[in-house]
Amino acid sequence: LSLYVYAFVMGRATKPLGLGMGRTALRTLRVENARIVFEMTDAPPPSPRTLRAHDRVVRRLGRTFEGVLPVRYGSVASDRAALRERVLAIAAPVERALERVRAAVQFTLRVSGKAAKPVAPRGGPGTRFMAERIARYRIPEIASLTERARPYLRAVKEERTATERSFATAYHLVPRSEIRRYRAAIRAALPDLGVRVSLTGPWPPYAFTEIE
Amino acid sequence: MSARKKRLAPPEAEIEASLLDLVDHVLNKGVVLNGDVMLGVANIDLVYLRLSAVLCAADKILGRPARAGIPRGRRR
Numbered sequence: 116l117s118l119y120v121y122a123f124v125m126g127r128a129t130k131p132l133g134l135g136m137g138r139t140a141l142r143t144l145r146v147e148n149a150r151i152v153f154e155m156t157d158a159p160p161p162s163p164r165t166l167r168a169h170d171r172v173v174r175r176l177g178r179t180f181e182g183v184l185p186v187r188y189g190s191v192a193s194d195r196a197a198l199r200e201r202v203l204a205i206a207a208p209v210e211r212a213l214e215r216v217r218a219a220v221q222f223t224l225r226v227s228g229k230a231a232k233p234v235a236p237r238g239g240p241g242t243r244f245m246a247e248r249i250a251r252y253r254i255p256e257i258a259s260l261t262e263r264a265r266p267y268l269r270a271v272k273e274e275r276t277a278t279e280r281s282f283a284t285a286y287h288l289v290p291r292s293e294i295r296r297y298r299a300a301i302r303a304a305l306p307d308l309g310v311r312v313s314l315t316g317p318w319p320p321y322a323f324t325e326i327e
Numbered sequence: 005m006s007a008r009k010k011r012l013a014p015p016e017a018e019i020e021a022s023l024l025d026l027v028d029h030v031l032n033k034g035v036v037l038n039g040d041v042m043l044g045v046a047n048i049d050l051v052y053l054r055l056s057a058v059l060c061a062a063d064k065i066l067g068r069p070a071r072a073g074i075p076r077g078r079r080r
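Protein sequences appear in the order of chains A and B.
Residues 116 to 327 (this note's numbering) make up the first sequence, in order.
Residues 5 to 80 (this note's numbering) make up the second sequence, in order.
Each hint should be verified, as a subset may be incorrect.
As the list claims (entries may be wrong) - Reference excerpt, derived from the structure (chain A facing chain B, CB under 7 angstroms, subset only):
hint, residue
1, HIS169
2, ASP170
3, ARG199
4, LEU203
5, TYR252
What the hints contain is simulated information worked out from the structure, not anything from laboratory work.
This structure is a prediction, so every number in the text was calculated from the model and none was measured.
Note that CB positions come from ideal geometry on N, CA and C, so glycine has one too.
Chain B with its partners taken away, still in its complex shape:
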């Protein structure tokens, strides 16, 4: 790999995530601490749904999702 290519590759920890992944991981996964969840509504799924509704537009605003350097599988 050339030095130029090495410079262009982002460090793993800094790879930006797509909004789809963020919603899936940050809102939909993780330890739930019973009791004090969240944001003025009792059920986090409501927030998930509300945010999902703007996903498409927001994804366009935020640009293309980052990948981990792996090529896509064969397209058919």
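Isolated chain A, as found in the complex:
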């Protein structure tokens, strides 16, 4: 069996951790100030059922601890020593990342409809290259919505992703204490947009897990 890893956590557990998706007890390993939650089970093949099961466990951890930093699906270590070694290498940045997401949740906004025409950047090839790269991580179509929600946001990430259903996705990190006001701000902003926005959440902060 492997150690299947779900998330880094901070604070004390407010209730029992319960079972993982392999139906065995969740355990924690502390390495310096970082604490990671795992289960003694092999990684299951990815399927809609196992993705949902993994997400449910991470959500539960989010309700059990003050902060949760999800680990990508399918991450395993061969034993405790191997896991300790991996965590030790990133313990300090993990601690900082947990501070960023403490008591906060993620909302995801998928933007569809007619995308604004990109403005051709001026300048030399280097400037144009950089401007195009920056534009990949901006959604001017929902700028008014973002501004309205800004007082309730701890962090924002935006990316333009051409899929069948949407042309861009925004991720908002919202303190739990601000969820109601955040939703009201989104509701108020929607009618003025020229695009469609679907909002899901609250999620564990999957999109805010940079280790720096």
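Add chain B to chain A, keeping to what the hints say.
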């Protein structure tokens, strides 16, 4: 809001997610622990692509995605 409506509203933490969101969040985001990722293949993106291929059918099987109670924006 009536008592009936209150009962019908699911608790936030229990809102079911669409498969699109699950793939985006659970497979495509999150801390990566270098070294021991995963499932018999070395690159998680391969798994992402493989799963994406069945997304459409699976989404129909699993039903409509849940929302967080926010109405959609104006349709054009």
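The hints, checked one at a time:
With its C-beta approaching chain B no nearer than about 6 angstroms, HIS169 (chain A) sits inside the 7 angstroms limit, and its interface hint holds. Proximity of ASP170 (chain A) to chain B holds as hinted, the smallest CB-CB distance being about 5 angstroms (cut-off 7 angstroms). With 7 angstroms as the threshold, the beta carbon of ARG199 (chain A) stays out of range of chain B, its nearest partner Cβ sitting at about 12 angstroms, so the hint is violated. With a cut of 7 angstroms, the hint placing LEU203 (chain A) at the interface with chain B is violated, because the nearest CB-to-CB distance is about 11 angstroms.
Here the hint on TYR252 (chain A) is broken, as its CB sits about 15 angstroms from the closest CB of chain B, past 7 angstroms.
Figure legend: structure checked against the earlier numbered hints; hints not met, in rising order: 3, 4 and 5.
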